[in-house]
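Asker: What follows is each chain in one-letter form.
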Amino acid sequence: MRALRWGLGGAFLVAVPWIVAAVAPGQQRYILHVLIFTTLYGALALSYDLVVGHVGSLSLAHPAFFGIGAYTAALLGTEARWSFAAALPAGVAAAGLMALAVGVPMFRLTEHSFAMGTLGFALVAQIVATNWVEFTRGPLCVTGIPKPELGPLRIATLPAFYWMGLTAVGLTGLLYHGLTTGRLGRAFHAVRDNEMLASAASIHPLKYRMLAFVIGGAVAGGVGALFTSYVGVLCPTELAVSLSVNLLVMLFLGGVGSLRGVVVGAVAFTALPEILRMAPTWRMVIYGLLLLLIVIRAPDGLEGVIRRRSAAWRRPSGG
Amino acid sequence: MALFETRGLTKRFLGVTAVDAVDLRIEAGELVSLIGPNGSGKTTLFNCVTGYLPSDAGRVFFRDRDVTGVAAHRIARLGVGRTFQLVSVFPRLSALENLLTFLQQHQEEGVLGRLVRVPRVRRYEAVAVERAMMLLDSVGLAARASAPAGSLSYGQRKLLAFAAALMPDPELVLLDEPAAAVNPTMINQMKEQIRALHRRGKTVLLVEHNMDVVMDISQRVIVLDHGQKIAEGSPAAVRRDPKVIEAYFGR
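Read top to bottom, the protein sequences are chains A and B. For the first sequence, position 207 (counting from the first letter as 1) is numbered 207 according to this note's numbering, and the numbering increases by one without interruption. For the second sequence, position 66 (counting from the first letter as 1) is numbered 1066 according to this note's numbering, and the numbering increases by one without interruption.
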């Protein structure tokens, strides 16, 4: 039953480009574009939630890791003419190594000072991207980033990019699930909930914080590489600190620390403003009010609403 | 050599000497209580020997090993279990998960192992669950295994914390006020638990204010006052010691 539901859901997601073509032929490009952003945002939000939701460290450095992965892949693809199959892992590795190097001093800070320290790092990363013109081309942006080619597979069309994004969010989801359940997940949560008690349970808090931070950073770098390969242009503005805010909204909107919640949050965050284009003038006002409403009515996010609904739905039928 | 020993252990806070050159010797299999008026340095001493606070002088030995300055998670891994006075359980995790969390490091499974759920990991998990259920049963919490620890009563949480500390089968168990603010029925249950632990050959060091508990179950009592060890001996001898009476009631 469970496998059947997953299979049907997966088949539906894979079939989305054809469904969109059949239902809204005129708007196909636009809808797929939004969906590609949704999948990439979903993967990025999941990588971020490993740090924020599972080890409870409010890192604001995520845009920097996203940017380091993006710049590494973009510059290797354009300047060094590396194939995407090599540039993508390079982006992942660069972001992961940077997270390792930054994490060691940053985790000497706690709570608010950790947030401030990582914020500082994110700002420095953006300033470097903007001002190191010889290397990053600064505000002129890296242009002409080649479309990804993985062996015989050439990702150039919108449906292909959608499937790429879907694969990215799927793999990130699997990794997220593997890391946050079972013994490893319990260690993460122990560190998040009570560091002293975690130590008494032989859990080294720093080790698990670093693990989540480095894996989260590496995945963010990979998403950055995918993102630039889709957009074709990479500007320093992509590393803006506001990305952290967007990611935090997704997490809290959907449900911190929950796979389904974070994905729902990413979908709501990217799809909602687009749906609201039907009322152009009031779009962002309505959007803001909706966010406010959700925060007031469901402080634990949409995940909490879903859980309560499905529990209420199951009860009358007797399980 | 003793299982656990401190030599001249000292801890100062801004000029106040909370633990003052304390020598402790605890043999394997002993049940020892550490008592003293409020602020006499009992909990500070606990925190120093379990790696939560750096000491200023002196050394700590466990199983012939110098563990002075070793990090808390490492000391726990060496076989020292402990409970805390206030923070006792992970409230969001279920009672069972609380116990499973304490069986972390006995076998590294790695990220890959988790992802593919190799049979070995599954088998290990099954053994862990079995042990956890046995311990929950022994403290009378088996029926609440899947309840969030935060929903348990205060006394039940203390019993849960006690069971969790035993999960990795530590050689030495340090209990920080297990009977504080617990109702009388629960106190008796806790007393039985500590006795049973002692009977199984484990070494127990207990910090406790409840004198009935201390006098009833300890083999030996050590008294601290103003960070110094002022008396040591059998419960009956310590009770009659004029220095102890003075420390508690004044002159």
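To be clear, the hints were calculated from the coordinates, so they are not data collected in a lab. Some clues are possibly wrong.
[Said to hold, decoys possible] Some residues of chain B that are not near chain A, with every Cβ distance over 12 Å (derived): (1) R1012; (2) R1025; (3) A1071; (4) S1151; (5) N1183.
[Stated by the list, open to error] Between beta-carbon pairs, the in silico distance windows are: (6) P1148(B) with R314(A): 14 to 24 Å; (7) P1054(B) with P299(A): 31 to 41 Å; (8) S1151(B) with P299(A): 11 to 21 Å; (9) S1151(B) with A85(A): 44 to 54 Å; (10) V245(A) with Q1085(B): 34 to 44 Å; (11) A1057(B) with A240(A): 29 to 39 Å; (12) K1243(B) with P299(A): 33 to 43 Å; (13) R314(A) with P1054(B): 51 to 61 Å; (14) R154(A) with G1069(B): 54 to 64 Å.
[Claimed, not checked] Under 8 Å between C-beta atoms, here's a sample of chain B residues computed to sit facing chain A: (15) Y1052; (16) A1076; (17) R1082; (18) F1090; (19) R1092; (20) F1102; (21) P1168; (22) M1211.
This one's a predicted model, so the numbers in the text were calculated from it and none came from an experiment. C-beta: ideal position from N, C-alpha, C; glycine also.
Asker: Work down the list of hints and note, for each, if the structure agrees.
Answerer: Each hint, compared with the structure:
no. : hint                              : result
1   : R1012                             : 21 Å, holds
2   : R1025                             : 23 Å, holds
3   : A1071                             : 7 Å, violated
4   : S1151                             : 15 Å, holds
5   : N1183                             : 24 Å, holds
6   : P1148(B) with R314(A): 14 to 24 Å : 20 Å, holds
7   : P1054(B) with P299(A): 31 to 41 Å : 39 Å, holds
8   : S1151(B) with P299(A): 11 to 21 Å : 19 Å, holds
9   : S1151(B) with A85(A): 44 to 54 Å  : 51 Å, holds
10  : V245(A) with Q1085(B): 34 to 44 Å : 40 Å, holds
11  : A1057(B) with A240(A): 29 to 39 Å : 52 Å, violated
12  : K1243(B) with P299(A): 33 to 43 Å : 56 Å, violated
13  : R314(A) with P1054(B): 51 to 61 Å : 52 Å, holds
14  : R154(A) with G1069(B): 54 to 64 Å : 59 Å, holds
15  : Y1052                             : 7 Å, holds
16  : A1076                             : 4 Å, holds
17  : R1082                             : 5 Å, holds
18  : F1090                             : 5 Å, holds
19  : R1092                             : 6 Å, holds
20  : F1102                             : 4 Å, holds
21  : P1168                             : 7 Å, holds
22  : M1211                             : 27 Å, violated
This entry does not satisfy hints 3, 11, 12 and 22, going by the numbered hints stated previously.
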